[in-house]
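Participant: Next come the chains, spelled out residue by residue.
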Amino acid sequence: MQALIGTSTRLRSFIQDPRHFQIVFLGGFLTYGVLALGWDSQWMRYATLFGTCVGIQTIFIRWKGIPWSSLKSAVITALGMCLLLQAGSIWTLVFGATVAIAGKFLLRWKGRHIFNPGNLGIAAAVALTGDAWVSPGQWGSGAMLVFLVVASGSIMVLRVGRIDTSVAFLGTFAALVYIRTVWYLGWGADVWWHQLTNGSLLLFTFFMITDPMTTPRSGKARWLWGMGIAVLAFAFSWHFWIHAAPIWALLLGCALNPLIDHLMHGEPFHWVRPAPHAQRTF
Amino acid sequence: MNLRNLLLATLTLSALQSMSFCGFYVAKADATLFNDRSEVILVRDGQRTIITMSNDFKGNVKDFAMVVPVPTVLQQSDIRIVERNVFTALDAYSSPRLVEYWDDNPCQRWEYAESEVQMDMVTSTGNAKVPAMRDANEKDYGVTIEARYAVGEYDILILGAKESNGLKNWLLENGYKIPNTAHEVLDPYIKSGMKFFVVKVDLQRLQASGYDFLRPIQVRFESEKFMLPIRLGMANSSGVQDMIVYAFTRTGRVECVNYRTVKVPSDKNIPLFAKARFGEFYKDLFAKNWEREGRNAVALEYAWNVTPTWGGMKCDPCVGPPPMPNEFAQAGVDWANDGGGQVFFTRMHVRYGREKFPQDLAFQVTPNTEHFQARYILTHPATGDLTCTAGQDYLEDLFYRRTREMDELYALTGWDLSQERNYMNEVKGKLTPARRNGLEGPYFPSDGPNGNGPNGMLGFVLGLLALLIGAYMLRSRKTASIA
Chain A
1133 MQALIGTSTR LRSFIQDPRH FQIVFLGGFL TYGVLALGWD SQWMRYATLF GTCVGIQTIF
1193 IRWKGIPWSS LKSAVITALG MCLLLQAGSI WTLVFGATVA IAGKFLLRWK GRHIFNPGNL
1253 GIAAAVALTG DAWVSPGQWG SGAMLVFLVV ASGSIMVLRV GRIDTSVAFL GTFAALVYIR
1313 TVWYLGWGAD VWWHQLTNGS LLLFTFFMIT DPMTTPRSGK ARWLWGMGIA VLAFAFSWHF
1373 WIHAAPIWAL LLGCALNPLI DHLMHGEPFH WVRPAPHAQR TF
Chain B
6 MNLRNLLLAT LTLSALQSMS FCGFYVAKAD ATLFNDRSEV ILVRDGQRTI ITMSNDFKGN
66 VKDFAMVVPV PTVLQQSDIR IVERNVFTAL DAYSSPRLVE YWDDNPCQRW EYAESEVQMD
126 MVTSTGNAKV PAMRDANEKD YGVTIEARYA VGEYDILILG AKESNGLKNW LLENGYKIPN
186 TAHEVLDPYI KSGMKFFVVK VDLQRLQASG YDFLRPIQVR FESEKFMLPI RLGMANSSGV
246 QDMIVYAFTR TGRVECVNYR TVKVPSDKNI PLFAKARFGE FYKDLFAKNW EREGRNAVAL
306 EYAWNVTPTW GGMKCDPCVG PPPMPNEFAQ AGVDWANDGG GQVFFTRMHV RYGREKFPQD
366 LAFQVTPNTE HFQARYILTH PATGDLTCTA GQDYLEDLFY RRTREMDELY ALTGWDLSQE
426 RNYMNEVKGK LTPARRNGLE GPYFPSDGPN GNGPNGMLGF VLGLLALLIG AYMLRSRKTA
486 SIA
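Protein chains in written order, with our numbering: chain A, 1133 to 1414; chain B, 6 to 488.
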């Protein structure tokens, strides 16, 4: 009985922190990519990203004296980068991962980091090294993958209360693409559907743009922010023909966050809400 | 495996029927319109794209006609005719390849052998007919002839159009028979600001040229769009069609951004009897892999640094001589011959159809310089007396190796191997009865091959998801009851 209660308590404390869900889901997608989609099993690449993210985070934990539980965020950043960032050399990955984590501690405004760490690291590696790239086509548009991403993503964004951002982004983006592709150009709706069911776009929608630490604090602001990022991503994609456009749109969106938070106030986000009865086991 | 015993006998995979990738063939009569396969050379350098279309048209050349959407009005200097052999050379160099190894006899020392491999050519026929183009009143249809060129044996028009019905009617009026479904794709191209590159053959000039076949046409333009318009080519295609893309860049591999780009299975050991059927082997392997990947992936068949001045190994084994300066020049890789930088060669094979490929293929150039080739391995057994203990050990290993080869072949192609028992029995026959008795066990797969396909992991991921949803529900219920 005691053991049962212990297990139950551990389970409760496990599911109280949405980061655990995120780690499990992202880890599942990485496994799916390697095993089912036939990605190259680049273990060195994954190990480099994990090692660097966790290592740099550890340095900052020791330096700033912040809780060790923040290592979970570094693991999420590493997983996100494993899923998206490709590079020719492991040093490019080290650079990207270092920028991602260090940016979290060094690029701050009023006690809060500005950029989504994974997003910043990927953008820096792609833009500055010439050795990195993102493969938007690597997920394909398989119906099952789409279901899995949307289902797990929905659980995730509901847990962190950022469903508004996902809906605003995806809804606006889908509408704009529909207007362009189906209404204006006259392609069939299947072309539009194929553009939207891209695994990379959906992962971005549910697992990157929704990072509660780098979305605006005010609910209204998040709606506007998600829509704004969708408009930018749309313009980048179909006016400038930039692939992986949402990555660049989010970078700009995050840069505006200090201004948005200044204009529209909201509650700061905490990964785990203080709960006196919950025993912390992590 | 000793390198001294390595002998590289290679094959080129046959060039199937080659036709234009993105044009639809038009017919006046009710001839069946059918494209099977096309070949395209795609050079991307910054914002510049050079596309060479093979035009390997098997029907009567006077019936040839092609409509290709292009992003800009091409000048005459942007269009040229190149030699057909550039495709042959690039195909030969980058084809899936078979490599042979010979085992040493553990009872003796070296054996050495050589072999030549013949390749079956597999061809299919297609036909299309087009009438001579007549003048039409362009204003009636909102169709503008932006330019008219005579290049080599071709008459080329660059058409601008305001709307698809006008263009469709113009083409009909000029004697082209437009497939019914062409209309739905003409409109999006017109609205995207694309122009139409319309080609027919001038028979007199073709005769004067001394060629009895159509030479490839090459166009070059500046555009931020790096894509191949496949939808128009589907207009007259029944089912699926194949396209081979030979892509060249300065930096690295080309990959598709709106479909998955996956490597074909490579470095597989296959039985010796597959050698005589290698063409069939690769065709079946490709088809099976295409199915396994959900029929909507682009297959990578070759990726290599082919910079003329680069000293590294160019291929293993080389199927043909590396591209020569003349071939680079013909292909439009104009920086290759003046030492202007790296040349990276990517070969992609797309089997596409309307259902699974709704979008045109969009590409990106990546810095990925990892080499890849589609390569299959034959290993010949040692010959001579194998009665010594080491020889018998070797034969046992050989038996198990051949078992794996058979399994591999079945998994790759799904061939019925029940007629190939002799391949195993000949090894068994050389073993002493005592050893032979130890070698039991099924080696012919009794059920379907279970590829590592997208469904392979499905159970795992679904299970994981169900578990988490369950955990989440559990928590919600607890929270509710506490409240």
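Derived by calculation from the structure, the hints in this document are not laboratory data. In this text the structure is predicted, and so the values were computed from the model without any measurement. Think of the CB as a built atom: it goes at the ideal place given N, C-alpha and C, for glycine as much as any other residue. Treat the hints with care, since some could be wrong.
Said to hold, decoys possible - Quick look at which bits of chain A chain B covers, simulated, 3 or more residues with Cβ under 8 Å:
| id | stretch |
| --- | --- |
| 1 | 1234-1241 |
| 2 | 1269-1275 |
| 3 | 1325-1334 |
Participant: If a hint holds in the structure, say so; if it doesn't, say that too.
Facilitator: Results for each hint:
Only residues whose beta carbon comes within less than 8 Å of a beta carbon in chain B count, and the stretch 1234-1241 of chain A has 0; fewer than three means the coverage is violated. Under the rule that three or more residues need a Cβ within less than 8 Å of chain B, the assignment of the stretch 1269-1275 of chain A holds, with 6 such residues. Counting residues of the stretch 1325-1334 of chain A whose CB lies closer than 8 Å to any CB of chain B gives 4, which reaches the minimum of 3, so the coverage claim holds.
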